[in-house]
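J.: Sequence:
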Amino acid sequence: MCYNTRVSRKKDELEARYHIKALIGEMKENDELIHNSANGFAHPNMWIIPQEKPKNMIPVMWGLIPHYKKGVDPKEYYKETIRWGSGLNAKSEKLFDSNNYKASALTRRCIVPVDGFYEPHRIEHIKKPYSIPFYFERKDGLPINLAGIYAVAGNLVTFSILTKAATPMFAEIHNKKNRRPVLLQDDDIEVWLDNGLKESDVNKVIEDDLPDSQINTWPISKDLYKRNGEADRADITDRVDYPDLQIKY
Numbered sequence: 001m002c003y004n005t006r007v008s009r010k011k012d013e014l015e016a017r018y019h020i021k022a023l024i025g026e027m028k029e030n031d032e033l034i035h036n037s038a039n040g041f042a043h044p045n046m047w048i049i050p051q052e053k054p055k056n057m058i059p060v061m062w063g064l065i066p067h068y069k070k071g072v073d074p075k076e077y078y079k080e081t082i083r084w085g086s087g088l089n090a091k092s093e094k095l096f097d098s099n100n101y102k103a104s105a106l107t108r109r110c111i112v113p114v115d116g117f118y119e120p121h122r123i124e125h126i127k128k129p130y131s132i133p134f135y136f137e138r139k140d141g142l143p144i145n146l147a148g149i150y151a152v153a154g155n156l157v158t159f160s161i162l163t164k165a166a167t168p169m170f171a172e173i174h175n176k177k178n179r180r181p182v183l184l185q186d187d188d189i190e191v192w193l194d195n196g197l198k199e200s201d202v203n204k205v206i207e208d209d210l211p212d213s214q215i216n217t218w219p220i221s222k223d224l225y226k227r228n229g230e231a232d233r234a235d236i237t238d239r240v241d242y243p244d245l246q247i248k249y
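Residue 197 in our numbering is what sits at position 197 of the sequence shown, and the numbering runs on without skipping anything.
No lab work stands behind these hints, which were simulated from the structure alone. Please note: incorrect hints may appear among the correct ones.
Pairwise CB distance ranges, derived in the manner of DEER restraints [unchecked claim]: (1) ARG17 to ASP201: 30 to 38 angstroms; (2) LYS10 to ASP97: 16 to 24 angstroms; (3) GLU124 to ASN195: 45 to 53 angstroms; (4) ALA42 to GLY154: 20 to 28 angstroms; (5) ASN178 to LYS204: 16 to 24 angstroms; (6) ASP201 to TYR242: 40 to 48 angstroms.
The calculated DSSO-like cross-link candidates involving lysine-lysine, where the alpha carbons are at most 30 angstroms apart (straight line), are [claimed, not checked]: (7) LYS248 to LYS128; (8) LYS21 to LYS55; (9) LYS176 to LYS94; (10) LYS139 to LYS204; (11) LYS164 to LYS204; (12) LYS55 to LYS164; (13) LYS248 to LYS222.
Just so it is clear, the structure is predicted and the values come from calculations on it, not from any experiment. No residue lacks a Cβ here, since even glycine has one placed at the ideal position from N, Cα and C.
Full structure from sequences and hints, please.
T.: Following this line, the structure appears as structure tokens:
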């Protein structure tokens with residue numbers, strides 16, 4: 001799963017990288033949507049590049065609320081659906097079957113540009129099991145192109161990050177859920193936002209996403225799990241070694 005991301009690049013950097021223009025809507029001009037730790041369960045606004053406006057990026061709330069939920073109170077919806085992840089992730093295997101996703105699958109896909117993201121590794125300690133957070137980023141240092149979908153319910157626009165079955169690296173590290181986010185190849189950025197894709201085309205892009213060989217990962221401080229804001233600092237991605245950690249990464 002993917003419930004926490006990092007975005008340190010400013011608007012102009014993302015605009016230059018993706019050859020797009022930010023539409024800030026009701027945001028203040030100097031707002032940057034920078035998060036050292038964007039906890040999905042806080043439902044922050046994040047930049048997405050939407051299929052309907054592929055030359056722009058827009059600020060959208062993280063946590064998909066289905067199109068048929070017009071007029072719903074977001075806080076109440078997220079509270080009611082928290083056991084299912086509050087819309088933060090969408091299983092790509094259900095993209096064309098789920099009532100929550102299929103309306104977006106062909107017409108409202110998006111890209112969520114991030115520096116990296118965090119996933120937990122479960123340690124089954126004899127006394128008390130616990131999780132060690134890992135940070136993931138591209139080896140070349142470029143932004144990760146997270147594949148997503150978005151929905152419009154009245155005046156409310158929200159998005160979700162697509163996930164798929166874990167590849168070997170993620171199966172080793174994200175060992176409890178055995179999932180990984182869909183990380184688009186750079187060559188598939190324009191393809192993913194193309195209106196002409198069929199179901200088989202969408203599934204092919206998902207299947208052929210960024211391989212493990214192009215991803216770096218390492219363990220970081222368990223401060224990531226604190227709720228008092230301690231995770232929202234630049235050094236949260238610094239490596240921390242743990243004696244109980246006995247896996248290759």
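J.: Next, verify each hint and record whether it holds.
T.: Hint by hint, here is what the structure shows:
1. ARG17 to ASP201: 30 to 38 angstroms: Hint violated: Cβ distance 24 angstroms, outside 30 to 38 angstroms.
2. LYS10 to ASP97: 16 to 24 angstroms: Check failed, 39 angstroms falls outside 16 to 24 angstroms.
3. GLU124 to ASN195: 45 to 53 angstroms: Given a distance of about 47 angstroms, which is inside 45 to 53 angstroms, the answer is holds.
4. ALA42 to GLY154: 20 to 28 angstroms: Holds, since ALA42 and GLY154 (Cβ atoms, about 22 angstroms apart) stay within the stated range.
5. ASN178 to LYS204: 16 to 24 angstroms: holds, 22 angstroms
6. ASP201 to TYR242: 40 to 48 angstroms: This hint holds: roughly 42 angstroms between Cβ atoms.
7. LYS248 to LYS128: holds, 22 angstroms
8. LYS21 to LYS55: Distance of about 6 angstroms is within 30 angstroms: holds.
9. LYS176 to LYS94: The hint holds at about 20 angstroms.
10. LYS139 to LYS204: holds, 23 angstroms
11. LYS164 to LYS204: It holds: about 12 angstroms lies between the C-alpha atoms, which stays within 30 angstroms.
12. LYS55 to LYS164: Within the cut-off at roughly 27 angstroms; holds.
13. LYS248 to LYS222: holds, 19 angstroms
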